[in-house]
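Novice: This is what each chain is made of:
Protein chains: 2
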Amino acid sequence: MIPIQKEDSFSEWYNDIVERAGLSDKRYPVKGMNVWTSYGWKIMRLIDSYIRDELDATGHDEVCFPLLIPETEFKKEKDHIKGFDSEVYWVTHAGENELDVRLVLRPTSETAMYPMFALWVRSHGDLPLKTYQLVNTFRYETKQTRSFIRVREIHFFESHTCHASEADAQAQVEEDFVILERLMDRLCIPYSLLRRTEWDKFPGAHYTVGIDTSMPNGRSLQIGSIHHYLTNFSVPYEISYETEDGGHEHVHQTTFGMSERLVGAIIGVHGDDKGLVLPPAVAPFQVVVVPIPVKGKGETVQKAAEDLTRRLQAAGLRVKLDDRDERPGSKFFDWEIRGVPLRLELGMRDIEGGVATYARRDSGEKGALPLDGVEQGARSMLDEISSSMKAKAWERHLSAVADVESLQDPPAKTLRFGWCGEELCGQRIEEEFDLTLLGTPYGHEGERRRCIVCGEESEKLGYAARSM
Amino acid sequence: MIPIQKEDSFSEWYNDIVERAGLSDKRYPVKGMNVWTSYGWKIMRLIDSYIRDELDATGHDEVCFPLLIPETEFKKEKDHIKGFDSEVYWVTHAGENELDVRLVLRPTSETAMYPMFALWVRSHGDLPLKTYQLVNTFRYETKQTRSFIRVREIHFFESHTCHASEADAQAQVEEDFVILERLMDRLCIPYSLLRRTEWDKFPGAHYTVGIDTSMPNGRSLQIGSIHHYLTNFSVPYEISYETEDGGHEHVHQTTFGMSERLVGAIIGVHGDDKGLVLPPAVAPFQVVVVPIPVKGKGETVQKAAEDLTRRLQAAGLRVKLDDRDERPGSKFFDWEIRGVPLRLELGMRDIEGGVATYARRDSGEKGALPLDGVEQGARSMLDEISSSMKAKAWERHLSAVADVESLQDPPAKTLRFGWCGEELCGQRIEEEFDLTLLGTPYGHEGERRRCIVCGEESEKLGYAARSM
Numbered sequence: 091m092i093p094i095q096k097e098d099s100f101s102e103w104y105n106d107i108v109e110r111a112g113l114s115d116k117r118y119p120v121k122g123m124n125v126w127t128s129y130g131w132k133i134m135r136l137i138d139s140y141i142r143d144e145l146d147a148t149g150h151d152e153v154c155f156p157l158l159i160p161e162t163e164f165k166k167e168k169d170h171i172k173g174f175d176s177e178v179y180w181v182t183h184a185g186e187n188e189l190d191v192r193l194v195l196r197p198t199s200e201t202a203m204y205p206m207f208a209l210w211v212r213s214h215g216d217l218p219l220k221t222y223q224l225v226n227t228f229r230y231e232t233k234q235t236r237s238f239i240r241v242r243e244i245h246f247f248e249s250h251t252c253h254a255s256e257a258d259a260q261a262q263v264e265e266d267f268v269i270l271e272r273l274m275d276r277l278c279i280p281y282s283l284l285r286r287t288e289w290d291k292f293p294g295a296h297y298t299v300g301i302d303t304s305m306p307n308g309r310s311l312q313i314g315s316i317h318h319y320l321t322n323f324s325v326p327y328e329i330s331y332e333t334e335d336g337g338h339e340h341v342h343q344t345t346f347g348m349s350e351r352l353v354g355a356i357i358g359v360h361g362d363d364k365g366l367v368l369p370p371a372v373a374p375f376q377v378v379v380v381p382i383p384v385k386g387k388g389e390t391v392q393k394a395a396e397d398l399t400r401r402l403q404a405a406g407l408r409v410k411l412d413d414r415d416e417r418p419g420s421k422f423f424d425w426e427i428r429g430v431p432l433r434l435e436l437g438m439r440d441i442e443g444g445v446a447t448y449a450r451r452d453s454g455e456k457g458a459l460p461l462d463g464v465e466q467g468a469r470s471m472l473d474e475i476s477s478s479m480k481a482k483a484w485e486r487h488l489s490a491v492a493d494v495e496s497l498q499d500p501p502a503k504t505l506r507f508g509w510c511g512e513e514l515c516g517q518r519i520e521e522e523f524d525l526t527l528l529g530t531p532y533g534h535e536g537e538r539r540r541c542i543v544c545g546e547e548s549e550k551l552g553y554a555a556r557s558m
Numbered sequence: 091m092i093p094i095q096k097e098d099s100f101s102e103w104y105n106d107i108v109e110r111a112g113l114s115d116k117r118y119p120v121k122g123m124n125v126w127t128s129y130g131w132k133i134m135r136l137i138d139s140y141i142r143d144e145l146d147a148t149g150h151d152e153v154c155f156p157l158l159i160p161e162t163e164f165k166k167e168k169d170h171i172k173g174f175d176s177e178v179y180w181v182t183h184a185g186e187n188e189l190d191v192r193l194v195l196r197p198t199s200e201t202a203m204y205p206m207f208a209l210w211v212r213s214h215g216d217l218p219l220k221t222y223q224l225v226n227t228f229r230y231e232t233k234q235t236r237s238f239i240r241v242r243e244i245h246f247f248e249s250h251t252c253h254a255s256e257a258d259a260q261a262q263v264e265e266d267f268v269i270l271e272r273l274m275d276r277l278c279i280p281y282s283l284l285r286r287t288e289w290d291k292f293p294g295a296h297y298t299v300g301i302d303t304s305m306p307n308g309r310s311l312q313i314g315s316i317h318h319y320l321t322n323f324s325v326p327y328e329i330s331y332e333t334e335d336g337g338h339e340h341v342h343q344t345t346f347g348m349s350e351r352l353v354g355a356i357i358g359v360h361g362d363d364k365g366l367v368l369p370p371a372v373a374p375f376q377v378v379v380v381p382i383p384v385k386g387k388g389e390t391v392q393k394a395a396e397d398l399t400r401r402l403q404a405a406g407l408r409v410k411l412d413d414r415d416e417r418p419g420s421k422f423f424d425w426e427i428r429g430v431p432l433r434l435e436l437g438m439r440d441i442e443g444g445v446a447t448y449a450r451r452d453s454g455e456k457g458a459l460p461l462d463g464v465e466q467g468a469r470s471m472l473d474e475i476s477s478s479m480k481a482k483a484w485e486r487h488l489s490a491v492a493d494v495e496s497l498q499d500p501p502a503k504t505l506r507f508g509w510c511g512e513e514l515c516g517q518r519i520e521e522e523f524d525l526t527l528l529g530t531p532y533g534h535e536g537e538r539r540r541c542i543v544c545g546e547e548s549e550k551l552g553y554a555a556r557s558m
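Those sequence lines, one after another, are chains A and B.
Using this note's numbering, you'd call the opening residue of the first sequence number 91 and step up by one each time.
Using this note's numbering, you'd call the opening residue of the second sequence number 91 and step up by one each time.
Isolated chain A, as found in the complex (with noise of 0.2 Å):
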């Protein structure tokens, strides 16, 4: 099989990489929920558990609600239900019986936490409320599916929190974007923020930002959201708290969520056509270890290239010994499928020289690491494979943004424009050009330009991209 070229069917080579990297398994007979195999729920549990220490730091506690949302309590928020009737999963029925109150298969949880933070919140020395979870949620999807990218069961972070005004509310959620840096940080992946269009902003929110990584083929990806939701939540469900001096004030409210997107915008934005290039923080094995047997030596590089996983495994790195009976080039060429970021050769001048021969999975660079010491030169190395793949992931972000003065004919990238703000203009940006208006840059002052549609001068610029 001649593994597709990245460049030439972005979308054809993804869905290679998924299969042949054995990622994901979509041969599930349900469309759209696909199978977690080993190799792929271990790169997402390491992003969970970067989610969990990040969260955990930042005082959010985590919880676990129930999968199903009484039909009553999904539909007291108005724009809320609107934004999801069509796509939710309804259990009718349980055993024999119809259901007297139908029951959704969570979206999003909002529907189901809030009724109980009208429990928890008493008075305002119950505040801030900080809570996550890590869950699975479901849409019925119509759109054609993708794993990872576009699925019907999602694997997913929601943290929500309540504060005792709209100002703690936006000051978590400048919180949430330093959690998010981090997170990134981790994953090596650049990111936009902007500030979502009114008509695009989640169901019942006061303002969504969204958080926008950029594929190869120019498209824009989703991975992510931060929302403040003002009092438009707790009013309906009556989340209010006793102030200080014995009023009733309903809370303000923010959630922050991100999916196994993330693991989509990992494989585009790294990988190559010899597959996939993980980031080590996010690599289930951060390097290989590969023995060149040799006629007569084969017990000598064997044990050598178990002393070596030893120390780095005990040294806190996580080492795959693939002493399988194959030929090397044939090892190579399956960890690199796979993605593992550092490649150790141990052959018998090798041993005698005092190395290991490396080879980087970013970059392809090859050489000798001193066996004296090793644990520290694999651990810088794949230090500097981290900070070298995230600067040329963030160039490559950078440079996918095209600033235009027309729509017509755009370049195949994230474009950025004059735009006054309002939907009129807004909604022909998107039905004339077939683009996905994805919002002004959050924060964004100054720049004056002229709007794109309507010409009238503007301090707003305009992002749009199609996305995925």
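It should be emphasised that the hints constitute simulated quantities derived from the structure, not laboratory data.
Take the hints with a grain of salt, since some may be wrong.
No copy is singled out in the list; a pair is fine if it fits within one copy or between any two copies.
What the hints assert, rightly or not - Straight-line distance between alpha carbons at most 30 Å, and here's what the computed DSS-like set of lysine-lysine pairs gives:
| id | residue 1 | residue 2 |
| --- | --- | --- |
| 1 | K172 | K121 |
| 2 | K166 | K116 |
| 3 | K132 | K364 |
| 4 | K220 | K132 |
| 5 | K96 | K121 |
| 6 | K482 | K410 |
| 7 | K480 | K96 |
| 8 | K165 | K121 |
| 9 | K393 | K166 |
Small disclaimer: the values here were computed from a predicted structure and weren't measured.
Place chain B on chain A using the hints.
Specialist: Leaving out everything else, chain B in the frame of chain A:
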């Protein structure tokens, strides 16, 4: 509020502990679907981490299968569907559409996994296939629900294996017993292995071994099970492999599963009138440090408490510094309810004497722990607490079994008696005496008694109890 005494009413005591220790919130608006609050979820996550440790160490790969199973796949194994027919949730609609094929929320994952296993297993080289997942399962319980013990959304681990022969599958069952022993050791939970009766085995299984522990009210609580399936599923799901000599055989399968009932078992087995008593391995906080302020010396005490907390945390212990502005007695009370294994108090006299005053949650024992080498001292004490909790629990478990000659007015214990093994006698035991026949000891042979019903001499022992 006066706490309910464990001995007076186990059932009310249990519910009271769950609520006051903040393990779960059952006010969620779907009956039997409870919210995992932060403290309870931390305990569950620690248990999950040990499950992962043990299954990873024995060569099982973690996977994650979709929640929803098409009715067509679900109905392939006839006994299985009969067993679950009355207690599954059905998804019948998505958005505005009625689905062509109804989808079942997994009550367990055989019928989700096995169509995929049929694709994954091709040749003898693919065997054994050893997988597991940690997911939530769903059963429409009609009996009275109880937090962790009988719920409708169940947090669960399940390992699923495929083998070349019945003997290999049997060897897997033996390995499961070893894994189980190591897990229960960490949780300080005693248990019995009982081969279930034919009419109580898992639907579709060749045989089922139930893992039972005893609750203080004399009832038996099943906390998990291990099943040998032979080829009962691999035939309908067509999971077969090419043998070394080119033939084709169906695989032999096993499963092993345990649920959040482990949390229920920890509460019931170890708790006392003051609240929860957590085994150190699953305690979110293993040590709570309580500064005992003295007038004018508050800062010294606070600093010493912070220093002690940091030292213990640096040594890898999970430690909470409780420096809230509350009376020490009220803090002691709070952490006793929550079951923290070890309390360290620090007052001026302690500091001057170079010690902390310790109080063990399990025994109530108090004394002085030298601050010099306190890391090792605290660790040893936690080990001692584990050993002592385990020994006490095993003693109670073994003494909760009573040998009886008649089932008339039996003691509130697990009853052991002769049973010929015939269904007719078994059914009489269950129906006439309102007991659950738990089965016969796994692997037991040799002790001849007369069947308690028909008088026939037999090598079999029967175990029966009222179950939770």
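Novice: Work down the list of hints and note, for each, if the structure agrees.
Specialist: Hint check:
In the homo-oligomer, the alpha carbons of K172 and K121 lie at most 30 Å apart both inside one protomer (24 Å) and across protomers (26 Å), since each shortest distance falls under that limit. Proximity of K166 and K116 under a CA criterion of 30 Å is satisfied inter-copy only: 21 Å between copies versus 36 Å inside one chain copy. Within a single copy, K132 and K364 get their C-alpha atoms as close as 21 Å, which meets the 30 Å cut-off; across copies the closest is 41 Å, which misses it. In the homo-oligomer, the alpha carbons of K220 and K132 lie at most 30 Å apart both inside one protomer (27 Å) and across protomers (16 Å), since each shortest distance falls under that limit.
Within a single copy, K96 and K121 get their C-alpha atoms as close as 25 Å, which meets the 30 Å cut-off; across copies the closest is 51 Å, which misses it. In this assembly of identical chains, the alpha carbons of K482 and K410 lie at most 30 Å apart only when taken from the same copy (27 Å versus 43 Å across copies). In this homomeric assembly, K480 and K96 come within 30 Å of each other (Cα to Cα) only inside a single copy, at 19 Å, whereas the closest approach across copies is 58 Å. For a Cα distance limit of 30 Å, the shortest separation of K165 from K121 qualifies both inside one copy, at 27 Å, and across copies, at 19 Å.
Proximity of K393 to K166 under the C-alpha cut-off of 30 Å is found in neither arrangement, the shortest distances being 66 Å within a copy and 49 Å between copies.
In terms of the numbered hints stated before, the structure departs from hint 9 and from no other.
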